[in-house]
Each structure stands twice: as C-alpha cells, then as structure tokens.
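Throw the hints in and build the complete structure from the sequences for me.
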Amino acid sequence: MAKASKKNRYALVGAWVLFSIGLIAWLSYSMFNSEDKTVFLPGPLTSGHHQIGVACVACHTDGMASDEDIQKACVDCHGEDRKKPFDSHPINKFKDPRNADKLKNIDATRCVTCHTEHQPDMTGENGLTQPGDFCIHCHEDIGEDRPSHKEMEFNTCSSSGCHNFHNNRSLYTDFLVKHLDEPKILPKRILPKREYASLLDEVVEYPRQQYPIKQLSKQDIDAPKQNTFSQEIHDDWLQTAHARSGVNCTACHQQVLSDAKVAEWTDKPKQDVCTQCHSNEVKRFKKGKHGMRLVVDLPPMKPIDAQLPMKEKTAHDELTCISCHGAHRFDVQEAAVTACLDCHDDKHSLAYKGSPHSDLWNKELMGEAPADSGVSCSSCHMPRINFDVSEWTSRILVDHNQSATLSPNEKMIRPACIHCHGLEFTLDSLADTKLIEENFKGEPSIHVQSMDLAREDLKRAEKEREVEK
Amino acid sequence: MKNLSKTMIGVGTLACVGVVGTAVAESDFNKPSITPKTMADALHLVMDSDRAIYTKKIVNRLVKKEKVIKASEHFEDDKALVLPAQMFRFGSELVAKRAEKLDDVNFTYSLQSLWPINKQNAPVTDVEKKGLKFVAENKGKNYYATETLGGKKYFTGVYADTAVAPVCASCHNDHKDTPKRDFKIGDVMGGVVIRIPLGS
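As given, the protein sequences belong to chains A and B, one line each in that order.
Under this note's numbering, the letters of the first sequence match residues 1 to 469, in that order.
Under this note's numbering, the letters of the second sequence match residues 1001 to 1200, in that order.
Since the hints were derived computationally from the structure, they do not count as laboratory data.
Heads up, a few of these hints could be off.
Unchecked claim - Computed footprint of chain A on chain B, listed as stretches where at least three residues anywhere in the stretch have a Cβ under 8 Å from a Cβ of chain A:
1) 1068-1078
2) 1093-1099
3) 1122-1129
Heads up, the beta-carbon is just placed ideally off N, CA and C, and yes, glycines get one too.
The structure is reproduced here in structure tokens:
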C-alpha cells in the first residue's frame, strides 16, 4: 500500500516536471521564435491598438522597455498629432518648472498616465483610463474664470461639443463666436479641390527624369514586348491621371533601384512603388487603422481583423493601396464609396445609400451638380486637407489616415463638416449617436450648449467694452 | 644643418605655445565667469530687443502704417500675422525643447501678467506673483529671487513688459477676455519671467 502510494507520488512528480518543461518550452518558443505573442498579453488591448497586439515590441521595444522607451513608442506613432496647433495640451506645456506642482496630481508629460493599455475594465471613450472628471486637477477654479461653468460637473467637460483635451481646434470660444448664427446648410457648399496634378513641379520625389510629365498614349507603353496584357488593362491605364502625367508601365512594374539600376519586371508590384510619388498619402495611410500593421512589419490588415462589423465576402482581403484604388484604373470615385462599402457592414455605412450625402454624391457623378459638391464616405473620413508635406510647404491632399477625424468625432468638423454646414448644426449632429447611425438622415434631436455659451460670452464682453467707453 | 636645427626649435616652440595657448583658451571657455543674474539680464536684453523689432518693424509697420495685413491671435484661421506675444511664446517653447538636450544650457522663460488674457499666463508661483507686482509698481526695476520647484532650485528674474506702441494697449483693452481695459502706452502690462536652474 505504502509502495503504491510512493509510486503514485513519483508519477505525479514526473508528470508535473514534464508539464513544467513543456510549459517552459512553449512559452520560450512563443517569446523568442513565434510571431504571435498574444499569450503574454496581460489584458485585451484598446480598439486603437488591438490590430498590433501580436507585435509586443511595437510598444515594449525589447521586452525590457523603460518608461522612457514606452513614451518614445507612443510619440513615434502619435507625436505629429500631439503638437500645437493640433494639441492644446502638448507635453512641452507641462515640462515648464512653473507647472511642477500640477504634475504631482497628474503626470501629463507621460501618455500612459491617461491611456494605460491592457485595462479594459477601466478604459473609457477614446482610450481614456482616468476618471472622467480628471480636468479638476488643474481647472478646479474654472467657475471663477467662467461663471457660466460654475454649476457644471467636472465629468461633463469632454461631453460632445464641449472640450477635447488634445484637439480642441473646433471647440474653443473664439472659433464658436466666429461661426455663430450660421444656417444649417451654408449657401456655398464645395469641398477643397485636389491639387496634386497642378503641383507636380514641386513634388521633389517625382521621378521626372525617367518619366517626364506629358500625356501618354497607347503607342508609348514601355512594358517589355514579351509581356502580354489584356485590352482592359491598357484601357484602364489610359484613363488614369498616371497616363496623363507620363507615368508609364515600368514606373510601377520595374522600379529604379537606389544604385540607378532597373529592377526586374514584376507583375504584382508591392505597395512601396506607390510611395515613390505618393509618400505622404502612404505615410498617412500607415497612421490609420487601415495601414498601421505595416508600420510594425505585420501582414496587411484584413477586414476580419476589425472590431466593426465587416462583410463576409471581403473578410479575408488584404488592405493595401490597390484594395481601394484597384490596380491600373486607380478610380478615385470608386475608392471614395464603393471600396468602403465593399467591406464595411455597420449601420452607419449601410445607411449611406439613401442619405442626403449620398444623393449629393450621385448628382455630382451624373453631372447634375458642380464638381466637389458631392459627399462620399471619404469626403468626411478621408477629407482633403491642407497638409504640411514638409516643414516649408503644404498642399491639399486626401488624408489617408481615416482615423484622424474620429475619436472624438469633433476632429471631423474643420476638415469636413464646416465646408457645408453651420457650426451649431454640426455640433448638434455629431452629438446625436442615433442620427450618426442613420447616416445623418434627418435633423439632430440633441442640442449642445456650447454655441449658446459663446453667444453669452460675446454679449458679456460687448457690455464690458461699452462700460469702459 | 645648424639652420635646420634652429628652424626645428622654432617650429617646436611655436607648436608648444600654440598648444598651451589653446589649452588656456579652452579652460577659459569653461571657467564660470557670469552669475545667473547676469545671464538672465543678457537673455532678457536679447528677448526684449527681438520682440521690440518684431512689434515695430513687422507688426506695426504692416498693420498700422502700410495696412496690408492684420495680426491675429488665430493667425492660421485668419491668415494673419502672429501677435508679438505669441511670437515670444513660440520662441520660448522652441528654446525649452532645444535646451532639453543641453544639460548646461537649461533655462526657461515666459510672458506673464497680473491681468492675463489667457488665464494660463497668470502668475503661479509666489516669486512670479511678487515679481510681477514689484515690476508693475517699480518702473524700471527688475525683480530677482530664488525658488524651489518640483524639488529643484532656480534663479528667477522678472522684467517688466511695457506697452511700447499704442496698438499694444488698444488690442489688450479691446480683447474679449481681458480683465483690464484701461491700459495706456508706457504702462507695465506684464512681465518676462526667466528661470535658470541652480544645480542640484
């Protein structure tokens, strides 16, 4: 009996040792050899980072990341948007020694103070992991400066249409005052025009030596003779801005290498070739949820990886430039609506067809309305913005970072909404989640107080000026 | 042969003098010779002069004399000139960023007021409060003190910021958010606060 019990004990110990060795081996493999390291995730990631969850090093660098390393990782991806004028609370503001006392309550010099990852239970809207009334740490006496705010609760500061901690560019008082009493729909409703074609001379990276800017015809095609192509490909290409601007077949299919040699012909060029001339568009694409996986060397995003509802038929398609633009045709009108609706299957997307925006878009396509008066998906989600392409120059480009105008959605006001709508109507509409779901079919049922407060503030100032006179 | 030796000795002597001279000069570079107060005064002289030139030769000339453009707090939206106070602040932000990488050139400065249009530019520390009051009440005098912030000791100099042109006073008096609407040319409207760390 005692012998049997001893045997059992040995067997148990043996099993435990084997299990432990197996576990260690599996964890070691996952740590050092496997691409998928999700087993080590201490908790699910936010919607902003879930796509790159398998690439721990994107944030944790070598796995032994210090606070500075983590902060650097945040800034490497989000730094451009965290500068003035896009951020009203840039880090530099808090590095001034006079603000040292404020930092004792909330260390605003570190992103993770307010955006801690892997904490789904305490994560609120826009990835915020601070209590909703965190503004109180620095603005406790706001009621004295702005008597209108005296009775307000601190957890309402960032209510829709009120204040954004980072991008407050469409919500500050003077901006509201400037747009007081505007009609719901502005008399002139035109979106900014594209200007890439007219600025080609200024695009430094444009390979004008190999491909002089001129209209190409079928006779100019420079693909190797042994390659055969369908008539459709020829016709598609001839209709594009590429053919109109001298961008021949080899420009994409046979890249010029850094040593000035010409690469082998390839039937399916990689996304890098687009970067040759469209580096800013690709750069912005990689900043958004569509392209962020490419930054950390992961395979492209597939709709099945998304948290929003997506259509089954395209669930496994990879998202690169040609997913939306299509090879050879590069039809920007198709990319602006059809490409989006091929994948997106949420209520807002499904309600687009039949919405007032869609009616305007169809009218423009049919030639019944002026150019740039239609509203496609990309008019709002990938708007044409005046973008700083370098420290010294800017141009209107389509912002391919479709995440830049969301979370919170007031970021869409300046680049999109106010080209056509009054600010008051815009603020009310963006605060109405049901109206958004119905793709703005109807009127907002919510009224945001911000414009009323701005109006009162203006009256107060006018009165004060009168008294002084 | 004799001549060659002489030449060699001459060259050697010159080289030695050169090396010693350079060493002396280099040690002079690093020898502490100015006080934090002198450094703050010098910095303020540069800041104040640049600011006066921008106000006079750019803003006042183009806005008031030649009337070709306006200056606006929202210069991007209004396609206008940057206000002199903003020009000053943008410079201070860039300095703070660049000085971060230079351990021995670490200083900060800001433009503050007891009557700030932007509440963030109101004095925060006791030294700032006392300093701004002092320079407003004692025209032509600066205020100097030391203070400890976030565990670090600083030398702080406060210098009066005066309405040098009529436009300074009129813009401030007319601004929607100003707490004071009776500034006149020559009035002290605020102060420049320069802060230099005093080691650990």
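Quick rundown of the hints versus the structure:
1. A count of 4 residues in the segment 1068-1078 of chain B with a Cβ less than 8 Å from any Cβ of chain A is obtained; the coverage claim is therefore met, three being the minimum.
2. Residues of the segment 1093-1099 of chain B lying with their CB closer than 8 Å to a CB of chain A number 3, which satisfies the three-residue condition for coverage.
3. Counting residues of the segment 1122-1129 of chain B whose beta carbon lies closer than 8 Å to any beta carbon of chain A gives 3, which meets the minimum of three for the stated coverage.
Hint check: no violations occur; every hint is consistent with the structure.
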